[in-house]
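Please take these sequences and the hints and turn them into a complete structure.
Those protein sequences? They're chains Y, W, H and G, same order as listed.
Number 95 in the numbering used here belongs to position 95 of the first sequence; there are no gaps in the numbering.
Number 163 in the numbering used here belongs to position 163 of the second sequence; there are no gaps in the numbering.
Number 281 in the numbering used here belongs to position 281 of the third sequence; there are no gaps in the numbering.
Number 294 in the numbering used here belongs to position 294 of the fourth sequence; there are no gaps in the numbering.
Hints listed in this document are in silico derivations from the structure and should not be mistaken for laboratory results.
Mimicking DSS-like on lysine-lysine, the simulated pairs with C-alpha atoms at most 27 Å apart in a straight line are:
(1) G:K53 - G:K92
(2) W:K206 - H:K143
(3) W:K53 - W:K206
(4) W:K92 - W:K53
(5) W:K143 - W:K348
(6) G:K206 - Y:K143
(7) W:K143 - H:K206
(8) Y:K206 - G:K143
(9) W:K87 - W:K53
(10) Y:K206 - Y:K53
(11) H:K348 - H:K143
(12) H:K53 - H:K87
All of these numbers come straight from a predicted model, not from anything done at the bench.
Protein chains: 4
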Amino acid sequence: MAFSSLDSGLTGPLFATHEMRTVFTDRNWIEAMLSVETALAEAQAHSGLVPEKLSLILGGIDAADFDPAALGEATAISGVPTIPFLKALRDKLPADCAPYLHRGATTQDLWDSATILLIRQGITLLLAQARAVVIDLVALAEKHRLTPCAGRSYDQHAAPVTFGYKAGLWALGLAETLSLWPTLEPRVLQASLSGPVGTFAGMGDKATAVQADFAARLGLMPSLAPWHNRRAGIVQLASWLATVLAVLAKMAGDIAHLASTEIGEVAEPYQPGRGGSSAMPHKRNPVSATLIVAAAQASRGLLPGLFDAMANARHERPAGAWHGEWHLLPILFGLTSGALREAASLAKGLTLDTERMQANLDMTRGLLFADALAARLAPAIGAQAAHDKVAALADAVRRTGCSLHDLAMEDDALQAQIGREAVQTVFSLNTAREAAARSTTVSLSETARHLALLDDA
Amino acid sequence: MAFSSLDSGLTGPLFATHEMRTVFTDRNWIEAMLSVETALAEAQAHSGLVPEKLSLILGGIDAADFDPAALGEATAISGVPTIPFLKALRDKLPADCAPYLHRGATTQDLWDSATILLIRQGITLLLAQARAVVIDLVALAEKHRLTPCAGRSYDQHAAPVTFGYKAGLWALGLAETLSLWPTLEPRVLQASLSGPVGTFAGMGDKATAVQADFAARLGLMPSLAPWHNRRAGIVQLASWLATVLAVLAKMAGDIAHLASTEIGEVAEPYQPGRGGSSAMPHKRNPVSATLIVAAAQASRGLLPGLFDAMANARHERPAGAWHGEWHLLPILFGLTSGALREAASLAKGLTLDTERMQANLDMTRGLLFADALAARLAPAIGAQAAHDKVAALADAVRRTGCSLHDLAMEDDALQAQIGREAVQTVFSLNTAREAAARSTTVSLSETARHLALLDDA
Amino acid sequence: MAFSSLDSGLTGPLFATHEMRTVFTDRNWIEAMLSVETALAEAQAHSGLVPEKLSLILGGIDAADFDPAALGEATAISGVPTIPFLKALRDKLPADCAPYLHRGATTQDLWDSATILLIRQGITLLLAQARAVVIDLVALAEKHRLTPCAGRSYDQHAAPVTFGYKAGLWALGLAETLSLWPTLEPRVLQASLSGPVGTFAGMGDKATAVQADFAARLGLMPSLAPWHNRRAGIVQLASWLATVLAVLAKMAGDIAHLASTEIGEVAEPYQPGRGGSSAMPHKRNPVSATLIVAAAQASRGLLPGLFDAMANARHERPAGAWHGEWHLLPILFGLTSGALREAASLAKGLTLDTERMQANLDMTRGLLFADALAARLAPAIGAQAAHDKVAALADAVRRTGCSLHDLAMEDDALQAQIGREAVQTVFSLNTAREAAARSTTVSLSETARHLALLDDA
Amino acid sequence: MAFSSLDSGLTGPLFATHEMRTVFTDRNWIEAMLSVETALAEAQAHSGLVPEKLSLILGGIDAADFDPAALGEATAISGVPTIPFLKALRDKLPADCAPYLHRGATTQDLWDSATILLIRQGITLLLAQARAVVIDLVALAEKHRLTPCAGRSYDQHAAPVTFGYKAGLWALGLAETLSLWPTLEPRVLQASLSGPVGTFAGMGDKATAVQADFAARLGLMPSLAPWHNRRAGIVQLASWLATVLAVLAKMAGDIAHLASTEIGEVAEPYQPGRGGSSAMPHKRNPVSATLIVAAAQASRGLLPGLFDAMANARHERPAGAWHGEWHLLPILFGLTSGALREAASLAKGLTLDTERMQANLDMTRGLLFADALAARLAPAIGAQAAHDKVAALADAVRRTGCSLHDLAMEDDALQAQIGREAVQTVFSLNTAREAAARSTTVSLSETARHLALLDDA
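And the structure:
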């Protein structure tokens, strides 16, 4: 089936990584459910609540022995996949073990814990991908710390910066988002084991010990208090993934704009067969940027549904709200995996045209220095007068085609006010470059600090 | 793969119908692309633009001859599935035909037209499902036109209505949404054929004729003006599907609440194996309501992404915005198909406990008639005084456990003000039932009018 | 207060029109509530249900006699503004009239009907604004029907179009959205009058007559079936407004990109004091585009909340869902008013730099004609070979700085395959211009058709 | 104006607190802008970049001397409120100071820093409100640690819990969200001072020192790297506020359901004049729950727009995306303030009907213990057989009206399998109560841990 473009055979490989596609499979979900029941049996056997034989047998069962299609047909009746799974699993157990399967647990414990196991796999993949992107962006920023290019606001030239300065902020944007993960991790990677109404009543005094043992066997944090109806971890996870995608989309949007035919300052790395058009042999489309922007766009909309699910988690376990999560959460992993793959390609291989950057800086004939000229002039004649004077000169630049530098040098009043040398200084790129390089240093040091936060966790 | 729960083997059969799952398959997408190229070749052959031989050969090619996995791997390079599809298709053509394939068209023409073919199949399924739901809800409303039950506001008893009145509004809610489809249909079911920048420049004077012929062969409306960058049809379609889901969710929410243990006025139709719990043998969970609520919850979030796609459809064809649609639109079809299947089950088989409805009406000891009593009293003593008087009596009901009727009959002042007979009339259910029945008649007549709008289209 | 930037004294005039700001005021809301109660009393007096004196007195009461701040403080207690309003209104009535005020109606009838009266005023303003924008865009499209400029996909040059072609699609995008209004109008501009649980039980047989008379006096459609818990009209209205904003944002996004310093094909109309920077005297920022994009961005998010409200409209009248609408719906009117004002400014006064358009067309040295060249070559040597040949020539253009035209003329093989004349034809802008002009004609004729649909309604 | 119900005089006091309404005013925004320019001048004077006189004069200017309406009209021209504000401010300065105002800074520095000052005030209010709610919920949980009530899943009775257990999870849900704030605070409460393209080029070597001094004077963290185009802090803040609202909405939804007429286990605290109906004198509507649910519903939709703004923060400063934030962010503060006020009222004054809780537990005639009975029976006869046996008994309960306890005691086979004593134990509430109390202890200890995290920050 292919309602989601991530799952389609035709488009899935485009939108998600192979590795992430291997995580979110029926087989892996069955495997995760099997791990959950095994860990539960082991923990309960350890506490003397179920026969040890049960845990040994469970440990020997192969996820491949389950038929996903048959489970799916039965799920359409039962309303949850856990019931047919448990039935099929129980059928594989000897009569003296079967009664102890899933003891004290409930559907939501099983499915949520299994989902978290998949999520942990997914997070591991994403963090590795994202860290590599940061590192390549840092290298890009360092390489071009002093490569001048136009700084833009409202898509208009504003004042010069350097390309390294831009790349440094891309790096920092990603790193500062990644460094939230250590705070989120213990809130997200929690096992669920608390029974039908969350009190794990069937376990009596042994509840806490079993919960802790169970979680440890799965490599997760225990959830001593039930989270059947507390879904903050889920929405925070989703919000974090959507933030990663928004960070990448900001970079992708910058790149798509800089790759516009007329600007032409960057091109996506050349990849044979990519970026072509079914109709136009000369096109080189920014495919990576396209995929990232599309992923971010698709992700945004998933949040309201998950916040809904949280808000409507009525009483001990809700109707509808929880199932609604299933539709949305895994999709975020697929989208993020694909976007990070494309971001990695950009970070590593973005092609720069530094001549074009310089040509673009020159094309406004010095207007990029208008800000600096006004600032220099203000102390002499007042800010408003300086602003008005430079605005008038800027109009003359547009009208006459002369450069602002030349007009400033020919303007006797101006010369009298601040002198030739000051004008020359104003029109030097050095001030802007040095400021950009200094700011890049700060961004990269902040980036390193955030990566360290991630490493220490 | 199973990023989407609709595509999962384990949960897909629960969330989407088998029929809809058959529409959104890789195979069907390839089939649709093949239909598009065939219709294009036929239309162009008819206008003398390509050899007739091409269209004949295309008509004989089998969608099963394409390897979705291979196409998918190539799509991950090319950025769009159309390029590898066209390459594979061209490889099946003789050398004298191949150059004429896809003539004058562009990737977006091919993919959008193919998508619309799938959407048409999906819409046909959904309309048939939805119409059946309306008809069963109408029957339910007619059957229970006079079955009294509590009307509720803020989840509190407010005044009596009938169950038929409630069901009639469910029916109307769905019917009035369906009747928007005839307005949307010609805006949505449009072929796309306008070439790389929308001007279909390659076709010269024959553009309009080819566009019309092409569309007719696909059974779609022609799109004379390009819609590569005008996506109002897509967002209106999505908004309409989300409205259908919200209508169903309103009904499902009502049913889940009425099925609460303490209210117990309805139960979902009995289905062996459904609604059970992995832990609790006595549970009968409202699974249909759950699935509908979950679908509606998941759907809401998809709209912002599609409005994004529309707003960011820059220039003649955008980067990213269009791909973003792919992630979201088909999911709405899957969700709606499953929700309508469950709604059909509810509409046809909802179990009513009319004794419980009467018992619930009685449990507030006449407070449901407080509104009517105050209205009857107001002309005699003024609205505020009447309101205050009845509020005081209502407090006495809560305090003493007596019924409002009895307190009213024993209240000499009240008797003097309006008389015993008036009090008896006030406390008769008949007024409320008749009003509800009258309103039901209006709802059902409006429902019929909306269904007729749908039929006439 | 100024939680919303639309309501702030500092930023409100920027984001919403003065006229729309005059619609959504406390005073106007009180006025609308007064109109509703007056129309109700008149309709009921006409049916002999309340004294005619009541309606006459109500008609003479001035909205200015109410103290919004006092009503607001009382609303914070009561939970709805209608209760203190009715109390204040009742205090102005003689004792023999007061009991008949608001007879048979409920809070939601009063507030929803009053809201619809404001919405009607808002819609009237928006339709007039939007129609003017369409007309000015049509004029812009006609004027530049043959003005060549680059057609772009993925923000890259794709093939030539004309500026009129672009403007014609902006016009059509807006017109085709506007023409949905006649379908929505009777679904949206409905009075609400159906009492506490929607059955209007207090009115007995006269319910329908009173409802119709009441609605007619307000100039609205009657709502025979209650819509307290059927909110499709609200979400369709919101979706329509969001679509209008998305249409405008698409145009604004195009304009902001075309106004980029390096592209420079358009500039926003000059307005003294606008588009300047607090820091940069030379900047001319695309302020109108900025405001439109911001409005569309803010609007998208409002839909999920309104769909929530619809889905959660439990039983006869919900808790929370309805109040949630109040937060969101009026904001859409404010945003749309401001965006249309800015769009009007753009449609009327956009400054074109046609020399720059031509220069941009020339800057890729003929690559814009690569598509046409390949199409012309395909019948001679096969599509793939033609595509590869032209791709190779395109590489040479990028490498050598020569034009594609010159390389094609010097390529002996190519000359042999299609001849010099064909090459000259391929590189003529005429084909592209004619195709664009033809497509513009279609767009404008479709635009006219949609405007006529709007007029006929 | 009143596009937002938060800003309306009629409804604003209902939806937001008076204190929060005092934060987001035009006057306070002007005050904040004045503080920003003063702090900038002081920091720059300290570094010798501007005359000390400037900072002294700025410190003496009164925000009340600005005319918001005049600024607003000028903002409608300029596109940003900062330009007219700076002009008005400069007009108040002597000629020798005016040129140094706003030196090196840009509009976004001024507006973002001022916004953060308001946000800091807002956060201070919200944290104090929220902490009080947690503390009252903890007291509620402790008081009712052993008060039995039905645990519910899918709105159906599942197994007994205690009311304290429920309240403890509400407390924990809020506390665990609050404890994220210390992580977010340094990311959100950052001053902005980095000039037109973020490099603070005008300041040369003194940039870092001035940035740090400026921030310290405002009581904010310095933003060494510019955040003009890195908006993760904004979306994380918004996501956090939306999470707070979703936590509260979960509690409100529970309460509204428990306050349903038929369930009747809780009532909102009595407040004269609240919860009445304009039509129905006997109603006591859950107004606090209504307001909280509405606020959460309205909040969800705001996130996609803010993620949009982040993703589209193109280049050094974007067009549109930034303005879009203005529409959405302050609204979250208004909504959260009102929702917390209502939550405080619920936490402190919720009325419990513990007799009704017991009666509801009894109404299913022991079915709540079905789970426990099956668990007890499973080791004896196997899980499936136990499940089937108990399901059959549960059917008999529904059919005959007998209690499950009585049927179990009369069932000879069952007696033989586990014995009378075991049956008695199963049907004792004690096991469930003890488990719930134990789980409450965990929840409250986790709550305390999270509050301590908040305090330590």
